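Here is how the chains run, residue by residue.
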Amino acid sequence: MLEVNDIVTAYGKIEALKGVDLAVSQGQVTCLLGPNGAGKTTLMMTIAGILRPKRGSIRFNGQDIAGKPARMIVEQGIVLVPENRLVFRDMTVEENLMAGAFSRSDGKTVQSDLEAMYERFPHLQERSTQYAGTLSGGEQQMLAISRALMARPRLLLMDEPSLGLAPLIVEDIFRIIRELNDEGMTVFVVEQNARMALQVADHFYLIEQGKVVFDGTPGEMEEDEVIKRAYLGKKI
Amino acid sequence: MVDFVQNTLDGFFIGSSYALLAIGFTLIFGVMRRLNLSYGPSIMLGVFAGTMIYIQLEAGLVFVACATVLGAVLAGIYVERICFWAVGRGAVLASMVSSFAIWMQLEELVTIFFPERTYAFPPLGDFSLEFGPFFIRGAHLVMFLCAAVLTVLLHLLLYKTRFGLALRAVSENPLAAKFMGINTGLVVFSAFALASAIGGVAGFLIASADQQITPLFGLWATFKGLIAMTLGGMGSIPGAIAGGLLLGIIEAQSTWYLGAEYRDLVAYFVLFAFLVFRPGGLFGQRLATQNRLSMQRV
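Which chain is which? The protein sequence lines are W and A, in order. Residue 529 is where the first sequence starts when you use the working numbering, and the numbers rise one by one after that. Residue 291 is where the second sequence starts when you use the working numbering, and the numbers rise one by one after that.
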């Protein structure tokens, strides 16, 4: 569904991505692991059209989308749940969700999607007229996810959805990822919490210093000595 | 006591036009986090467009108003393209300096084509009202009513329309707005045009209350708008309204009690006191803190 080929993205002269190749298959949860500064967020930003790659191609259902502006990529059906959530703090929960649907022009179905979102996240309905800045971290993450879903994505990108959240809430988020995937959503998630990711992901990539250094299934990952030590701890 | 109330009334009515200037300033600052010093001069250009068709074609008030607003919008768009679109994103200082350069350019341009010191501007509301001991100029009343209607319309635009949602999203977090598929460049451009239109209305109201116009109007409008915005809190629309009214009242009181020559001095003193003791202004404390934190991160 998504094929990233030899992508190089640079900040000035410093190359954060040095030729990344990876693929996300339709209907799967693909997980990208890697230490801080490896280029995970840079890759997400490049796919989402915020950063322009210097080289390489990104194909989405056969079309090259590398370097296209962000709004075109959203219209194509790739929507990012950004790192640190970035909800609109001074807007109400409902306004945040409506902002998520900005790229759509079908007013009636937006309304029914809004109701569907409230059904999935009852907490948000209770707080629909509250400012998003008053929500807890976990609620803000739920809002960020549902805001992205309001755009009706075909591919959902998530950048460290568990960052800074309590373990119980992290479980919740992974339950939601699994639910969405069961409903047919393709998900590409950046995650530091490899142990949690193992429960949902169909495929793993490990990125280090701007390059993919491992590519495999959960089973293969658990057998890899290096990953086992660095990302999963000794237990497994 | 009667004097004090009368001054407050006068200040309040004049302050409503400062509030409009500050709203325009704050809209631009809100979506870009950059200061547009050319805001006043682009309004000045609009006012001269108005005065030109008034003098040369003896056009009616409505046409003069339209020409003023249109002139301000075109000049505003010119400023946006030169200072904020062409000058790279993130170059905060460069765009401020270039907006200063464009200010000088616009002022030169007007003095070349309008070499006299002052030009006539058609009057608005040549009547006055009296309530017991109090006195209200008709022009001021019209000024206040127009400002109030415009503020209500702006509120509806910002909170009831898709464009308003996009504008608020871009003001709060441009990156997140991009993730929503919002065309941030277009929103900034439109906000600029909108702010210039509001400034044009303010310019028209002020010029027709004064019944005359000079090329120094640009400097004057930038100062008034900037001070009112800072008093109220940068980036906050309620703040811009409160700051404008406050500035008007401060000016009216100090003119009465200290004399006209102290009017601006007092206004600058209050501005300075705010910057030292309450840099976020009346309504923008949180935004000021956010900005400070984001600077620390850099």
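Wrong hints could be hidden among the right ones.
Here are the simulated DSBU-like pairs of lysine-lysine, each with C-alpha atoms no more than 35 Å apart in a straight line [claimed, not checked]: (1) A:Lys-450 / W:Lys-582; (2) A:Lys-450 / W:Lys-636; (3) W:Lys-636 / W:Lys-546.
Beyond 10 Å from chain A on every Cβ pair, some chain W residues (computed) [to be verified]: (4) Asp-618; (5) Lys-636; (6) Pro-650; (7) Ser-656.
Worth flagging that the hints you see were computed from the coordinates, not collected in a lab. Computed from a prediction, not measured in an experiment: that's the story for all the values here. We treat Cβ as the ideally placed atom computed from N, Cα and C, and that holds for glycine.
Hints, one by one, checked against the model:
1. For a cut-off of 35 Å, the pair hint linking A:Lys-450 to W:Lys-582 is broken: about 41 Å separates their Cα positions.
2. For the hint linking A:Lys-450 to W:Lys-636, the alpha-carbon distance of about 17 Å falls within 35 Å, and the restraint holds.
3. The hinted pair formed by W:Lys-636 and W:Lys-546 fails the criterion: a straight-line CA distance of about 44 Å is larger than 35 Å.
4. A cut-off of 10 Å between C-beta atoms contradicts the statement that W:Asp-618 is not in contact with chain A; the least separation is 5 Å.
5. The non-interface label for W:Lys-636 is consistent with chain A: the shortest C-beta to C-beta separation is roughly 15 Å, beyond 10 Å.
6. Non-interface call for W:Pro-650 relative to chain A: holds, since the shortest CB-CB distance, roughly 24 Å, exceeds 10 Å.
7. At roughly 15 Å, the least C-beta separation between W:Ser-656 and chain A is larger than 10 Å, which holds for a residue marked as non-interface.
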